[in-house]
Each structure stands twice: as structure tokens, then as C-alpha cells.
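Engineer: Produce the entire structure from the sequences given, and follow the hints as far as they go.
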Amino acid sequence: MVNAKYLKELSERMVSIKEPKLMESFLKTILTPKELDEVVTRLQILKMLKDGVPQRKIASDLGVSIGTISRGSREIQYGDQKIANFIG
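In short: position in the sequence shown from 1, add 129, done, that's this note's numbering.
Source of the hints: derived by calculation from the structure; they are not laboratory data.
Ideal placement from N, C-alpha and C gives every residue a C-beta, glycine not left out.
Incorrect hints may have been included.
Stated by the list, open to error - Pairs of lysine-lysine residues, derived as PhoX-like cross-links and limited to a Cα-Cα distance of at most 20 Å, are as follows:
{"hint": "1", "residue 1": "K186", "residue 2": "K176"}
{"hint": "2", "residue 1": "K186", "residue 2": "K137"}
{"hint": "3", "residue 1": "K176", "residue 2": "K211"}
{"hint": "4", "residue 1": "K137", "residue 2": "K179"}
{"hint": "5", "residue 1": "K163", "residue 2": "K179"}
{"hint": "6", "residue 1": "K147", "residue 2": "K163"}
To be verified - Distance ranges between label pairs, derived from CB positions:
{"hint": "7", "residue 1": "R185", "residue 2": "S145", "range": "33 to 41 Å"}
{"hint": "8", "residue 1": "A188", "residue 2": "K147", "range": "28 to 36 Å"}
{"hint": "9", "residue 1": "K137", "residue 2": "G208", "range": "14 to 22 Å"}
{"hint": "10", "residue 1": "V131", "residue 2": "Y207", "range": "15 to 23 Å"}
Structural biologist: Structure follows, in C-alpha cells:
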């Protein structure tokens with residue numbers, strides 16, 4: 130389970146970063162290459178879902194499982210609408 134206090138601190142620090150290059154450097158510092166790849170891939174999944182791209186095409190294009198895409202689809206359908214709007 131994620132510690133709420135630590136998550137808040139991370140969120141506050143990330144929001145304070147205004148320069149894309151600094152954010153990129155920060156993410157590369159705190160995440161492993163695999164974790165970073167997973168995060169950027171999940172963002173692409175969400176963007177493609179918002180654009181109406183079929184799940185099978187997303188799976189093929191990004192090399193991910195339908196299960197991973199289904200999770201993103203559920204988040205867009207039932208998750209926080211502000212996040213869904215922010216993504217696309």
C-alpha cells in the first residue's frame with residue numbers, strides 16, 4: 130500500500146517542476162529504466178484509448194497485453210474524469 134504522506138510529497142515535488150527537461154531528468158533519477166518504460170507506455174495506452182484506437186491495435190502497436198489495456202480502459206471509464214480529460 131502506498132503511504133499517503135509520501136505520495137503527497139512526491140506529487141508536490143513533481144508539480145513544482147516546470148521544465149520538461151528537469152522533469153525528464155527527475156523521472157530518470159527516481160525510476161528504473163523498466164519502470165520509466167512502463168509509465169510512458171501506460172500514458173500512450175490511455176491517450177490511444179481516448180482517441181478511440183481499438184484495443185487490439187494498441188496491443189500490437191505498443192507490444193502490451195490486452196489485460197494492461199483493459200486496466201487503462203477501466204480507469205478512463207470509471208476513474209477520475211479530471212484525469213481522463215487531462216490525458217487527452
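Engineer: Run every hint past the structure and note whether it holds.
Structural biologist: Now for the hints, and whether the structure bears them out:
A C-alpha spacing of about 13 Å is found between K186 and K176, which places the hinted pair at or below 20 Å, so the restraint holds. Between K186 and K137, the direct Cα distance comes to roughly 35 Å. Violation of the 20 Å bound is thereby established for this hinted pair. At roughly 14 Å between alpha-carbon atoms, K176 and K211 fall within 20 Å of each other, so this suggested pair holds. Under the criterion of a C-alpha separation no larger than 20 Å, the hint pairing K137 with K179 is inconsistent with the structure, at around 27 Å.
For the suggested pair K163 and K179, the alpha carbons sit about 24 Å apart, so the restraint of at most 20 Å is broken. Pair hint K147 plus K163 does not hold up; C-alpha atoms about 24 Å apart against a cutoff of 20 Å. As the Cβ distance of R185 to S145 is approximately 40 Å, the hint placing it in 33 to 41 Å holds. Checked against the hint of 28 to 36 Å, the pair A188 and K147 passes, with Cβ atoms roughly 35 Å apart.
The hinted window of 14 to 22 Å between K137 and G208 holds, with their beta carbons roughly 19 Å apart. Remark: the range hint 15 to 23 Å for V131 to Y207 is upheld by a beta-carbon distance near 19 Å.
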